[in-house]
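Following the hints, put chain V in place on chain D, whose structure we already have.
Heads up: the protein sequence lines correspond to chains D and V, in order. Take 1 as the starting number for the first sequence in the working numbering and just add one per residue. Take 1 as the starting number for the second sequence in the working numbering and just add one per residue.
A portion of the hints provided could be inaccurate.
[Unchecked claim] With beta-carbon atoms standing in for the labels, derived distance ranges:
hint, chain 1, residue 1, chain 2, residue 2, range
1, V, G29, D, M283, 42 to 48 Å
2, V, D181, D, L330, 56 to 62 Å
3, D, L330, V, R132, 47 to 53 Å
4, D, W379, V, Y17, 25 to 31 Å
5, V, R226, D, L13, 45 to 51 Å
6, D, K45, V, G148, 55 to 61 Å
7, D, G326, V, D181, 52 to 58 Å
8, D, A356, V, E78, 20 to 26 Å
9, V, G20, D, M1, 44 to 50 Å
10, D, T3, V, L82, 24 to 30 Å
11, D, Q6, V, E131, 15 to 21 Å
12, D, V268, V, G148, 40 to 46 Å
13, V, R11, D, A368, 47 to 53 Å
Since the hints were derived computationally from the structure, they do not count as laboratory data. Ideal Cβ positions, reconstructed from N, Cα and C, are used throughout, including at glycine.
Read off the chains here:
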Amino acid sequence: MITPFQIACKNLLRKKVRTCLTLVGIMLSTWVMVSLFGFNEGYEKALNRDIENMGYQLMVMAKGCPYEAATMMLQGGKGLRYMEQSMVNDIIKEPEVEKVTPILMQAYFDPNKGESGGIAGYFGVDPASYPAMKPFFRFRAGGWFHDPAAAEVVMGYEAAELEQREVGDLTLVPEKNVQLKVVGILERTGTQDDGTIFVPLKKLQQIAGTDKITTVGIKVKKDADMAKLETKLYQLKDVQVVSFSQVKQTILKLIATARVMVLSIAIVAILIAMVGVINTVLMSVLERVQEIGILKTMGAMPGDIFLLVWTETLIICSVGGIAGIGFALLFARVTDILVRRILPYAPGGGLVAINARMSLLTLGTIVAVGLLSGLYPAWRAGRVRPLESIRREG
Amino acid sequence: MTVSDVLLEARDLTRLYTRGSEAIRAVDGVSLTIRRGEFVSFMGRSGSGKTTLVNLLGCLDNPTGGELDLAGRKIFGEGKPLGERDLTRVRRELFGYIFQNFYLIHTLTVRENVALPLAFYRKAGVEDEVERLLKMLGMEHRMDHLPGQISGGEMQRVAIARALVNRPEILLADEPTGNLDTKRSEEIGDILQELNRNGALTIIMVSHNPDLARLGGRRIEMRDGRAYES
Numbered sequence: 001m002i003t004p005f006q007i008a009c010k011n012l013l014r015k016k017v018r019t020c021l022t023l024v025g026i027m028l029s030t031w032v033m034v035s036l037f038g039f040n041e042g043y044e045k046a047l048n049r050d051i052e053n054m055g056y057q058l059m060v061m062a063k064g065c066p067y068e069a070a071t072m073m074l075q076g077g078k079g080l081r082y083m084e085q086s087m088v089n090d091i092i093k094e095p096e097v098e099k100v101t102p103i104l105m106q107a108y109f110d111p112n113k114g115e116s117g118g119i120a121g122y123f124g125v126d127p128a129s130y131p132a133m134k135p136f137f138r139f140r141a142g143g144w145f146h147d148p149a150a151a152e153v154v155m156g157y158e159a160a161e162l163e164q165r166e167v168g169d170l171t172l173v174p175e176k177n178v179q180l181k182v183v184g185i186l187e188r189t190g191t192q193d194d195g196t197i198f199v200p201l202k203k204l205q206q207i208a209g210t211d212k213i214t215t216v217g218i219k220v221k222k223d224a225d226m227a228k229l230e231t232k233l234y235q236l237k238d239v240q241v242v243s244f245s246q247v248k249q250t251i252l253k254l255i256a257t258a259r260v261m262v263l264s265i266a267i268v269a270i271l272i273a274m275v276g277v278i279n280t281v282l283m284s285v286l287e288r289v290q291e292i293g294i295l296k297t298m299g300a301m302p303g304d305i306f307l308l309v310w311t312e313t314l315i316i317c318s319v320g321g322i323a324g325i326g327f328a329l330l331f332a333r334v335t336d337i338l339v340r341r342i343l344p345y346a347p348g349g350g351l352v353a354i355n356a357r358m359s360l361l362t363l364g365t366i367v368a369v370g371l372l373s374g375l376y377p378a379w380r381a382g383r384v385r386p387l388e389s390i391r392r393e394g
Numbered sequence: 001m002t003v004s005d006v007l008l009e010a011r012d013l014t015r016l017y018t019r020g021s022e023a024i025r026a027v028d029g030v031s032l033t034i035r036r037g038e039f040v041s042f043m044g045r046s047g048s049g050k051t052t053l054v055n056l057l058g059c060l061d062n063p064t065g066g067e068l069d070l071a072g073r074k075i076f077g078e079g080k081p082l083g084e085r086d087l088t089r090v091r092r093e094l095f096g097y098i099f100q101n102f103y104l105i106h107t108l109t110v111r112e113n114v115a116l117p118l119a120f121y122r123k124a125g126v127e128d129e130v131e132r133l134l135k136m137l138g139m140e141h142r143m144d145h146l147p148g149q150i151s152g153g154e155m156q157r158v159a160i161a162r163a164l165v166n167r168p169e170i171l172l173a174d175e176p177t178g179n180l181d182t183k184r185s186e187e188i189g190d191i192l193q194e195l196n197r198n199g200a201l202t203i204i205m206v207s208h209n210p211d212l213a214r215l216g217g218r219r220i221e222m223r224d225g226r227a228y229e230s
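Chain D on its own, in the form it takes in the complex (with noise of 0.2 Å):
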């Protein structure tokens, strides 16, 4: 026996190429949305894990843009200004804090890196206090520093891959033609540590030339009044404080202008895919209103030809739907890359973070609007009388 899903699904097979146009439509449309989606998500996840990995919360670092400042510091650069390192004595002080490390930042252009050469960023830490800092830190071969001024180096996992270094090799500072020594390479992180080159403080400030540091991390003890502890490093002289969650919130501002062009674009490419919708499904009840007189004849009532039809319409956006989400999911590293390319700041690790939660969502939200889109196509086949497809004949 034959049931009236059967039915939808031959009717769907008679114009093949309409109805594979029409799952395009609607598979390119719920990709969008998925990856929209899963950005949206991924990106805070990434940016939450980021600072969370930075092992501090706030940063206080000689004055001049805090923003600029810490996206500095997630991501490299020049230009940073000094503070002298007795700063940490004073802020380890204040009953909040739990931990301090110093921190140097030094950024050296290396031609070798890349097409045309790019900027290497070395963290000049304090063996004795940043390594308590990342207690998650995993090392793929070797260890932290021996000693405090060591000519050492320890190396992110992808900084390590980019430079083919492994432990014992010899490492040369760009710039400055100082050979160091790699002592460690650490287990990828999915953050900017992966990309960063690690070197004693003192080691660092001897390539400097300098006995000052750029920043301070500190940690916060837990339950400490952070926004307390805030206003009094503010009293310290000439410096700033950075708060990691209001960068993040800053950042996040950032981004929701790029979130908003790209759910337009999500919502227009949804309304085209609705169309087709509309249009497959009207041209097929066009073309079979006879079949669907005949139908009547046989006993089919109003709503079940309105089914039958309402069915079309759900198998095309199912199939859509799911095939949308699998190519979002398939594409989800090339998605990424496209995104890093146009973001001016991108966290560590996935960007597009693609869930069932949500895909189950993009898959109702589609089937949902498609649904309604049939909804006139159904009406019109329910009331074709089975006479007029009769004289049609003619």
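Just chain V, lined up with the frame of chain D:
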């Protein structure tokens, strides 16, 4: 003739159309009675009103006046036209239809075409009717063929099987051989006669073909919307 023998009774059935300011009486006060098991042929020239009358008798259209009783139930005559749902209910209970153009669905096999009405409505005990009817009509070897792979005569056999799958009381045939050559027309005529004689099926047929119309035990000629027994 007992009351229970009467399957269809039309009284003063009228169908009026308007074309601009002109009123056309396509069916003009036709009264007739059809008993169970009768084979009634309607003949007449084009525009004589035979198809319009059969459409009214087959509940494919509402009359503008008059009454129609089917199987003891009053269908038309309550003063207001029946909606599509009500007409469908009557049709699926009582009628099977075949048409000149067969109206088979070309993406469905012969078996699926015959089973198609059962997707929407199924009377009790008709589960095996698809195979039985196709065998009875000599189409068992074509069950899995598509309509495009069979001849016109075979297509009409499939259409007959489809019309009968829900065991209707009345088979309504509108020019069933209009698209067939003489040999195929005779074959279809024989099948209809067989169904009427051995299956006790009531048949209402419209045909231009006098040979086919002669198969009916009762012939009614339509002229200017009026029915004349011949």
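* Could you check the hint for me, namely that G29/V and M283/D are 42 to 48 Å apart, CB to CB? => holds, 43 Å
* With respect to the beta-carbon atoms only, verify the hint that T3/D and L82/V lie 24 to 30 Å apart. => Roughly 29 Å apart at Cβ, these two residues keep to the hinted range, so it holds.
* To do: Starting from the range 55 to 61 Å, see whether the pair K45/D and G148/V falls in it by beta-carbon distance.
  => holds, 56 Å
* **Supplied distance hint 47 to 53 Å, evaluated on CB atoms of R11/V and A368/D** => holds, 52 Å
* To do: Mind checking the hinted window 44 to 50 Å against the Cβ distance between G20/V and M1/D?
  => holds, 49 Å
* Is it true that the C-beta distance of D181/V to L330/D lies inside 56 to 62 Å, as the hint says? -> holds, 57 Å
* Does the hinted range 47 to 53 Å hold for L330/D and R132/V at CB? -> The hint (47 to 53 Å, Cβ to Cβ) holds, given that L330/D and R132/V are roughly 51 Å apart.
* Asked: Honestly, do A356/D and E78/V meet the 20 to 26 Å range at C-beta?
  -> Hint violated: Cβ distance 57 Å, outside 20 to 26 Å.
* **Consistency of beta-carbon spacing, D181/V to G326/D, with hint 52 to 58 Å** => holds, 53 Å
* Return holds or violated for the Cβ distance of Q6/D and E131/V against the range 15 to 21 Å. => At roughly 18 Å between Cβ atoms, E131/V and Q6/D fall inside 15 to 21 Å, so the hint holds.
* Asked: Using the C-beta atoms of R226/V and L13/D, is the stated range 45 to 51 Å upheld?
  -> Since R226/V and L13/D have Cβ atoms about 49 Å apart, the given range 45 to 51 Å holds.
* Does the Cβ distance between V268/D and G148/V fall inside 40 to 46 Å? -> Holds: the Cβ-Cβ distance is about 42 Å, inside 40 to 46 Å.
Of the numbered hints stated above, the single one contradicted by the structure is hint 8.
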